[in-house]
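Protein chains: 2
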Amino acid sequence: MLESFFNPKSVAIIGASRTPNKLGYVIFENFIKGFGGKVYPVNVDTTPISGREVFPSVKKIPDKIDLAVIVIPAAAVPKVLKECVEKKIESVVIISAGFAEIGKEGKMLEEKCKKIIKGSKTRVLGPNVIGVYDSSTNVDTLFLSRERMGRPKQGSISFISQSGAVGSTILDWLSEEKIGITKFISYGNAMDVNESDLIEFLGRDEKTKVIVVYLEGIKSEGKKFIETLKRVTKIKPVIILKSGKTDKGIKAVASHTGSLAGSAKIYSSVFKQTGVIEANSWEELFDFARAFSQPVPKKNRVVIITDGGGFGVLATDECERQKLQLSEPSEKLKNSLKNKFPPYIILHNPIDLTGDATAERYRITMEECLRSGEYDGVIAITLFQVPTLEEKITEILIEMKKFKKPILCCATGGRFTKRLSSILEGNSIPVYPAPERAVRAFNSLVKYATWLKK
Amino acid sequence: MLESFFNPKSVAIIGASRTPNKLGYVIFENFIKGFGGKVYPVNVDTTPISGREVFPSVKKIPDKIDLAVIVIPAAAVPKVLKECVEKKIESVVIISAGFAEIGKEGKMLEEKCKKIIKGSKTRVLGPNVIGVYDSSTNVDTLFLSRERMGRPKQGSISFISQSGAVGSTILDWLSEEKIGITKFISYGNAMDVNESDLIEFLGRDEKTKVIVVYLEGIKSEGKKFIETLKRVTKIKPVIILKSGKTDKGIKAVASHTGSLAGSAKIYSSVFKQTGVIEANSWEELFDFARAFSQPVPKKNRVVIITDGGGFGVLATDECERQKLQLSEPSEKLKNSLKNKFPPYIILHNPIDLTGDATAERYRITMEECLRSGEYDGVIAITLFQVPTLEEKITEILIEMKKFKKPILCCATGGRFTKRLSSILEGNSIPVYPAPERAVRAFNSLVKYATWLKK
Numbered sequence: 001m002l003e004s005f006f007n008p009k010s011v012a013i014i015g016a017s018r019t020p021n022k023l024g025y026v027i028f029e030n031f032i033k034g035f036g037g038k039v040y041p042v043n044v045d046t047t048p049i050s051g052r053e054v055f056p057s058v059k060k061i062p063d064k065i066d067l068a069v070i071v072i073p074a075a076a077v078p079k080v081l082k083e084c085v086e087k088k089i090e091s092v093v094i095i096s097a098g099f100a101e102i103g104k105e106g107k108m109l110e111e112k113c114k115k116i117i118k119g120s121k122t123r124v125l126g127p128n129v130i131g132v133y134d135s136s137t138n139v140d141t142l143f144l145s146r147e148r149m150g151r152p153k154q155g156s157i158s159f160i161s162q163s164g165a166v167g168s169t170i171l172d173w174l175s176e177e178k179i180g181i182t183k184f185i186s187y188g189n190a191m192d193v194n195e196s197d198l199i200e201f202l203g204r205d206e207k208t209k210v211i212v213v214y215l216e217g218i219k220s221e222g223k224k225f226i227e228t229l230k231r232v233t234k235i236k237p238v239i240i241l242k243s244g245k246t247d248k249g250i251k252a253v254a255s256h257t258g259s260l261a262g263s264a265k266i267y268s269s270v271f272k273q274t275g276v277i278e279a280n281s282w283e284e285l286f287d288f289a290r291a292f293s294q295p296v297p298k299k300n301r302v303v304i305i306t307d308g309g310g311f312g313v314l315a316t317d318e319c320e321r322q323k324l325q326l327s328e329p330s331e332k333l334k335n336s337l338k339n340k341f342p343p344y345i346i347l348h349n350p351i352d353l354t355g356d357a358t359a360e361r362y363r364i365t366m367e368e369c370l371r372s373g374e375y376d377g378v379i380a381i382t383l384f385q386v387p388t389l390e391e392k393i394t395e396i397l398i399e400m401k402k403f404k405k406p407i408l409c410c411a412t413g414g415r416f417t418k419r420l421s422s423i424l425e426g427n428s429i430p431v432y433p434a435p436e437r438a439v440r441a442f443n444s445l446v447k448y449a450t451w452l453k454k
Numbered sequence: 001m002l003e004s005f006f007n008p009k010s011v012a013i014i015g016a017s018r019t020p021n022k023l024g025y026v027i028f029e030n031f032i033k034g035f036g037g038k039v040y041p042v043n044v045d046t047t048p049i050s051g052r053e054v055f056p057s058v059k060k061i062p063d064k065i066d067l068a069v070i071v072i073p074a075a076a077v078p079k080v081l082k083e084c085v086e087k088k089i090e091s092v093v094i095i096s097a098g099f100a101e102i103g104k105e106g107k108m109l110e111e112k113c114k115k116i117i118k119g120s121k122t123r124v125l126g127p128n129v130i131g132v133y134d135s136s137t138n139v140d141t142l143f144l145s146r147e148r149m150g151r152p153k154q155g156s157i158s159f160i161s162q163s164g165a166v167g168s169t170i171l172d173w174l175s176e177e178k179i180g181i182t183k184f185i186s187y188g189n190a191m192d193v194n195e196s197d198l199i200e201f202l203g204r205d206e207k208t209k210v211i212v213v214y215l216e217g218i219k220s221e222g223k224k225f226i227e228t229l230k231r232v233t234k235i236k237p238v239i240i241l242k243s244g245k246t247d248k249g250i251k252a253v254a255s256h257t258g259s260l261a262g263s264a265k266i267y268s269s270v271f272k273q274t275g276v277i278e279a280n281s282w283e284e285l286f287d288f289a290r291a292f293s294q295p296v297p298k299k300n301r302v303v304i305i306t307d308g309g310g311f312g313v314l315a316t317d318e319c320e321r322q323k324l325q326l327s328e329p330s331e332k333l334k335n336s337l338k339n340k341f342p343p344y345i346i347l348h349n350p351i352d353l354t355g356d357a358t359a360e361r362y363r364i365t366m367e368e369c370l371r372s373g374e375y376d377g378v379i380a381i382t383l384f385q386v387p388t389l390e391e392k393i394t395e396i397l398i399e400m401k402k403f404k405k406p407i408l409c410c411a412t413g414g415r416f417t418k419r420l421s422s423i424l425e426g427n428s429i430p431v432y433p434a435p436e437r438a439v440r441a442f443n444s445l446v447k448y449a450t451w452l453k454k
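Residue numbers (our numbering), protein chains in the order written: chain A, 1 to 454; chain B, 1 to 454.
Just so you know, these hints were derived from the structure itself, not from any lab.
Each hint should be verified, as a subset may be incorrect.
All copies of an identical chain are treated as equivalent in the list; a pair is satisfied when it fits inside any one copy or across any two copies.
[Claimed, not checked] Restricting the straight-line Cα-Cα distance to at most 25 Å, the calculated cross-link-like pairs of lysine to any residue (SDA-like) are:
(1) Lys-447 to Asn-280
(2) Lys-454 to Gln-273
(3) Lys-454 to Pro-295
(4) Lys-178 to Arg-148
(5) Lys-22 to Glu-360
From just these sequences and the hints, can you work out the full model?
Here's what the structure looks like:
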């Protein structure tokens, strides 16, 4: 039912502007340049924009409209929203700020808008949002210029953010890291569409394989929120970063989005009950999301394969903290590997292929470990600086996907490392810059696997 | 006394080679290209290399030698080491592997080497090391090609690593991030020079402002280690990442460097007693080190200034966890700011300058907060994607250094953000990609300040 927010045939930009840098200009330009459907500018001033006819009201557009984007001062919103309802527009994004977030007066204005859509088929996202970005249809209401904020490529992660700034910053970072997404939604004041609606919708969306949420406090009813999560997490992973977890953090949330942040304990226990994977920091949110480009493991038996002993030790420490099982290779497996390697290779877990490791050594080790049935997945630490490690290591890692067990990589460094890492990322093998982060991401897969078995 | 490892006038490369990709070739080339002093190749095969006379032994070089770098098979090392002693060479780096780390036979070889230098003035770094990198003299024994591993620019951090792979990976990453260092030392088996000697030396080194250590297990006596730390931490900060902290991690260390990792608790309590700042992950090691390019705060009262509410909340949560004091601005300070800002600016702590923040708003807020005496430092969250935030924000942040209070930044994103961040980094204002990391880095400054007051 929210489909037309992401895949409309026709869009009206209410408040489209001819003045560069105005929000109504940036958004109109986004649609003109990227969007495949029809775009109608609406403005009380009907001077043509970029040679296009401007309509004084949506009601004057001689076409069905699926999505309206409102970028006009708050006070004028109720009037145009009413016209959208009369025009039977299914989806409306209210970008405009100046509603509940500014206090009593804004709250009244927001209530007025709620009444206008009541009983109609019009659904509203916002107000006070940066809105929607869909990487395949190019619906893009983000009013930040592409110079300052890149847009991520197509992928299978969908991302819901209560905060516009957190959302846009992460999108920019994703575009730089070449991590793809399918849909992004900032839902701001959530006068109508809220986090539960969006999670429900994305749960059914075929393009979405993983749902990522930045949440300050829920806007929907607790019961609905819990039931939605229980249902959706059985179909696909939902990863949530809840901010406002400490006393001062809760206060800060109240000033920011006016949400009731509630106690950290309540949220964490809800997340546990409903199979949500909780991220505990900004970085974990997408560290975990990226892990799900790999299959979910059967159990928690992991083997660490490294060409740098120190990194192996750091990963081991984190595995222990996360209670991942680092069992020793069996005698049979050890003997089989021993016969193929020089004597100084360390055949414990971590398996240390040492500083003269070759791609072939990785291939043999991964093949034998994954075929043995002794492990449910691999953390492959591939320090590409090692002079003997050929570039074909990337092909070998990609080839190992045939075992249908999760392989997460850790590599860090400069240009050379970044080049090889992006080949892996492009082939759905996530690469983490720190051993601890790779391990925690692996653990998020294990957590989800455990939930699915329940 | 270790000075000639870093600033020799003349260097002998024992095992210099004319075969590309051999370690003795890469190291010789490094010196030929970058080092300002005299370089003498030594090899049993005396065919000239790059037109230079090759000496069959250091003893045949008609010059005083300050530093010898040995890159020959382990078995041949004792003989040439003896010649180095006879030649009265002060500093010797033994790159060669195949000593204590491979077992009994290697251990005997290492003991033999120890006997050779006993009573002499020759000090040995290694064996089994990647050695030394000095960014100002260009002593560079790292045998990894510059294509795969960048070299960091000049700076004021010195970095000691027990593991060569951890060391070289971090150097490569530092070069990419444009973070400078002064000296890097990998000390491997530490048959002579160990972590205590190096910390002691760097404590007195004028170019070194911060000492960073990656440690698996100490090679020096416990008492010496503790006393050295106590002395040096009073002069400059020492940040240590100790790996091998869990049961399995300790076992992994034993297979890796043969060190006794000891219990995590013992190490952590030693670090507390001696004023060491302990990093708990790979990333914290340099997150903390970079913070010390800023002054140390008097107390722990921090103000968070942000243009993105969500990031402010995340930083607040982390401040609470780290027990940093987030006191509210006084009524006086609030009123003074209120008069200068639009009504929707949120004047608590965090101070949220909102999504239409300007550089001037940051200037006013930082000036007034730092001048008020109510805060000991600032965490400035500057999301550069905000369209109204002018590029001169970097100049304003740099100007604020006049208050001599620590300012740590948080910004994350793509190309635009990276460009502005690197201007700040170049002016000694560290920028962190996640709010939690900025807060923990600030806390490392507070911890050190507390130690200095003891």
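Each hint tested on the structure:
Taking the shortest Cα distances, Lys-447 and Asn-280 sit within 25 Å of each other both inside one copy (14 Å) and across copies (23 Å). Taking the shortest Cα distances, Lys-454 and Gln-273 sit within 25 Å of each other inside one copy (11 Å), while across copies they are farther apart (47 Å). In this homomeric assembly, Lys-454 and Pro-295 come within 25 Å of each other (Cα to Cα) only inside a single copy, at 18 Å, whereas the closest approach across copies is 53 Å. When the C-alpha separation of Lys-178 and Arg-148 is checked against a cutoff of 25 Å, the pair qualifies both within a copy, at 16 Å, and between copies, at 22 Å.
With identical chains, the CA atoms of Lys-22 and Glu-360 are at most 25 Å apart between copies only, with a shortest distance of 21 Å across copies and 56 Å within one.
This entry satisfies every hint, going by the numbered hints stated previously.
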